[in-house]
Amino acid sequence: MTVITEENVPRLPRHVKFRFDQAREAWVVLAPEKVFMPDEIAVEILKRCDGDTTLKAIIDDLAKTFEAERDTVATDVVAMLQDLADKGIITT
Amino acid sequence: MNALSPSPTIEKSGSAAPAPPLALLAELTHRCPLQCPYCSNPVELERSGAELDTATWKRVLEEAVGLGVLQVHFSGGEPTVRKDLADLVKHAAKLGCYTNLITSGVLLDPARLKELYDAGLDHVQLSFQDTDVESAERIGNLAGAQKRKMEIARQIREAGFPLTVNAVVHRHNLSRLEEMIQLALDLDAERLEVAHVQYYGWALKNRASLLPTREQLDNATSVVNEARVRLKGRLMIDYVIPDYYAKRPKSCMGGWGRQFLNISPAGKVLPCHAAESITGLEFDSVRDKPLGEIWRSSPAFQAYRGTDWMPETCRTCERKEIDWGGCRCQAFALTGKADAVDPACGLSPFHDEIFALAEREAGAAPPPFIYRRIGGA
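Chains as they are written, first to last, in my numbering: chain A, 1 to 92; chain E, 93 to 469.
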């Protein structure tokens, strides 16, 4: 079981696809038997889960980009990625 | 549609184009080495000579993606009997689809798996009939199948695929549900689908053999609930209950013609895999019309789309846009009317009588299976 920490380098496993869908004009996450429609915040997080960047750096970037308090961003992002990891959409 | 039609078609208000479909079930063939008595294929199976060719399937995949389909499930019958499977997977993957193979596994080998991996296949769903070898092979009516499945499950993981174990459950295997969960863990599956038999088509013919008692169902549900908590983050368990014991019907296919389309081996476009059991509906074929036109305006899709078709009981129900009236095939099979209230719903006048009968069947000795065979119904 994956536990998300700031030291992790989160990424999407091979069997999960994250892409923009022209028909719906929206980002979609495709997983076995599941389709998720991520909200704007989730899209910003998932775009940064490139398999090269640590979660720490992702949180720094999000806090800077959206001019938000780092602690708040960190709490929200870790909780969201943990939920996605439990669903098998994010791995480390 | 006649291009010289003298009067233009007038769209009635509220009949805006339907939202794009999410998923396509591509039934490449009805051929299958197994003969499970609950097969979801229609009782009238299509023969291999009627199957769509590679070029037509490729065109259909392009049309599906253009329409908004995000996931393609390659299924059957047994889809691996088609020699062009990897070619079709490659085409769908290139179009950006999520590709899933739904298979019994018995015809796969490592070379074929590598070919599919290289083609871009995203995921494999492998069926197991039981954990007990004798019972499993009696259900599928294929000697030696279980050993092949165990081997191929490991080879699927070795090839790099994520694996879903699919277990269709009924009175002959429910007592071994805990063993099935353990099997999924042993095989390093990421997901287990525990699906109670849904009773139409072949399964309805075999209902008296397959339907569990309410006690068996309740035990199974608590086994699943306990395992879901214990295995959180390790194994996802999806659970489909038999709606015979539910108070409200399932949201069948997420609503008729709302999210899903199914293409039969011969090219018929269906709102669900069992839709052909409703006699009187006519299904358009991808051989004759573009898929988008069929999705938007084919009479079969329009018949039970949305809520306008609903009987009074459903139309005035607060759940009408939650369960979308339940299952049309079940309503037709059990009441003779496809637009009747789904008898799985406690509000159906047929509910008590039908389910009391089914419960009596479940409590009696099971008759022999009627195996799924071409021309063998």
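Because the hints were derived from the structure by calculation, they are not lab data. Note that this is a predicted model, so its numbers are computed, not measured. Possibly wrong hints are sitting among the right ones.
[Claimed, not checked] Some chain A residues judged to face chain E by a derived CB distance under 7 Å, without partners named:
hint, residue
1, Lys17
2, Val28
3, Leu62
The beta carbon of each residue, even a glycine, is placed where N, CA and C say it ideally should be.
Verification of the hints:
no.: 1; hint: Lys17; verdict: 5 Å, holds
no.: 2; hint: Val28; verdict: 6 Å, holds
no.: 3; hint: Leu62; verdict: 24 Å, violated
Violation of the numbered hints given earlier is confined to hint 3; every other hint is satisfied by the structure.
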